[in-house]
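Based on the sequences and whatever the hints tell you, model everything.
Take a look at the letters that make up each chain.
2 protein chains.
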Amino acid sequence: MDQSFGENAKAWPKTSRNKVRRYPARGSYDQPDVYKILDAALLCHVAYCIDGQPYCTPTAFWRNDDRLFWHGSSASRMLRTLDHSTPACVTVSHFDGIVLARSAFHHSINYRSVMAFGNAELVATDEGKLEAARMFVNRYFPGRWDAIKRPSAQEMKATTFITMRIAEASAKTRTGPPIDDEGDYVLPIWAGVVPVQMVVGTALDCPRQHQQARRGADLSLYRDGRPLGEVLTEASEAVSRAKP
Amino acid sequence: MDQSFGENAKAWPKTSRNKVRRYPARGSYDQPDVYKILDAALLCHVAYCIDGQPYCTPTAFWRNDDRLFWHGSSASRMLRTLDHSTPACVTVSHFDGIVLARSAFHHSINYRSVMAFGNAELVATDEGKLEAARMFVNRYFPGRWDAIKRPSAQEMKATTFITMRIAEASAKTRTGPPIDDEGDYVLPIWAGVVPVQMVVGTALDCPRQHQQARRGADLSLYRDGRPLGEVLTEASEAVSRAKP
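Going line by line, the protein sequences match chains B and W.
The numbers in my numbering rise by one with no breaks, and the one at position 143 of the first sequence is 220.
The numbers in my numbering rise by one with no breaks, and the one at position 94 of the second sequence is 171.
There may be inaccurate statements among the hints.
The list makes no distinction among identical chains, and a pair is therefore deemed to hold if it is satisfied within one copy or across any two copies.
The calculated DSSO-like cross-link candidates involving lysine-lysine, where the alpha carbons are at most 30 Å apart (straight line), are [what the hints assert, rightly or not]:
{"no.": "1", "residue 1": "K113", "residue 2": "K320"}
{"no.": "2", "residue 1": "K234", "residue 2": "K91"}
{"no.": "3", "residue 1": "K206", "residue 2": "K96"}
{"no.": "4", "residue 1": "K96", "residue 2": "K234"}
{"no.": "5", "residue 1": "K226", "residue 2": "K87"}
{"no.": "6", "residue 1": "K206", "residue 2": "K320"}
{"no.": "7", "residue 1": "K87", "residue 2": "K206"}
{"no.": "8", "residue 1": "K91", "residue 2": "K226"}
It should be emphasised that the hints constitute simulated quantities derived from the structure, not laboratory data.
Spelled out as structure tokens, the structure:
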């Protein structure tokens, strides 16, 4: 069933699940394209089915090689359902702009998105869970794990980590200006792109901040005004470099 | 089956589908709370199931009263599947910040999200489709429909509009600083929030812009540096005011 390749794979196979049908030229099945989009994001949307009813849950996620991880309380519906390996679809999307064309039909969106398919399963062992918790913190804030209070045994018990090996994935991207029908460029209608971007703001101190607490190196990438995607990509690269 | 209230409803019933289980105090079933989150967004993620396999598709959407609308090519998998009324879950999420606590366990995300459930169905009539196309353009750019080239009969045939009456919905929100265990506030570990925000950039002219083309009033809300959520909320209010 699992049609993905091994660790040295360069692309996923094109299947009925991950095939980009609409505008196939915007699609890619190459691992580097997919990973780049995943690694620039913090939030994903996880879709799963219970008795034919779809659910779509937004949650923080991270990637380690060809595995995605996310987490939540042991009590949450999604994670109870995914308990014993369940098909899931993890979607990541970056919204980059609104494309205004001369004709209604050619209005569009600039975006980068990934749909990743696989079977979601629990991280079963205590060691696996602790490593997942460490990755979770360090992936966004490289080195922060060493600076904070570690989870207690009780907290770890209350936390579920889910992992999904990416069996199939595809990326889909639209960039650039509107593309109107050739005959419509003579129309004096304003056309172009309104770009949008997720941007980091000024960090806010906790109102109960300890007077000796200082922002550490783990936060150094999060400078006011930076695009979040850039920050997350750099944080992801820092984590990769630190790997043994 | 449809447990939603009529047009004057103030809240949706709490059911097994839309009940906020994890951190129930963060949940709301009130229409104004749900609509506010929906109307500040352009993108949603639609989850649907085909033979037990979940799919999660990002797409532009808009709201009219208690109905959501989205669209796509008549060829797309999602819309072929949703052809004859299919359960769907439409999720909208705004990512507002990363919450850094003193303990690993209390790290969190600030967000506003909605999960809306119902049966998705095709907009069946030509009149309904044209009205959906008009709403689609005007909802983001109030008045733009009157300035652009209308879709041809062939383009309308190639376009599918989907609508879903919200049968049940819930909103979930987290705001504010980290909340650590009382005993941990004495730790000299930096804690706070890194806010993030979707921001509008400088509009880019189409490289093939007609020399007499000017940005119209339809774009006036999209000023450089504005939070996108603010722009979309105001555009939505303008459309509501223009209703007969």
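Next on the checklist: Treating 30 Å as the Cα threshold, decide for K87 and K206: within, between, both or neither.
Outcome noted: Within one copy only: 29 Å inside a chain, 42 Å across chains, cut-off 30 Å.
Next on the checklist: Treating 30 Å as the Cα threshold, decide for K206 and K96: within, between, both or neither.
Outcome noted: Answer is between; shortest inter-copy Cα gap is 27 Å, intra-copy 33 Å.
Next on the checklist: Checking an output row: K96 and K234, CA cutoff 30 Å. Within, between, both or neither?
Outcome noted: between (39 Å within a copy, 24 Å between copies)
Checklist entry - How do K234 and K91 come out at 30 Å by Cα distance, when the copy is not named: within, between, both, or neither? => result Between copies only: 28 Å across chains, 39 Å inside a chain, cut-off 30 Å.
Item to check | Within, between, both or neither: K226, K87 at alpha-carbon 30 Å | outcome: neither (39 Å within a copy, 43 Å between copies)
Item to check | Intra- versus inter-copy proximity for K226 and K91 (alpha-carbon distance at most 30 Å) | outcome: Neither. Shortest intra-copy (44 Å) and inter-copy (37 Å) distances fail the 30 Å Cα cut-off.
Next on the checklist: For K206 and K320, with the copy left unspecified, which applies at a CA distance of at most 30 Å: within, between, both, or neither?
Outcome noted: Only inside one copy: K206 and K320 sit 18 Å apart there, 53 Å across copies, limit 30 Å.
Checklist entry - When no copy is specified for K113 and K320, does a C-alpha distance of 30 Å or less occur within a copy, between copies, both, or neither? => result For K113 and K320, only the intra-copy Cα distance (18 Å) is at most 30 Å; the inter-copy one is 43 Å.
Hint violations for this structure: numbers 5, 8, all remaining hints satisfied.
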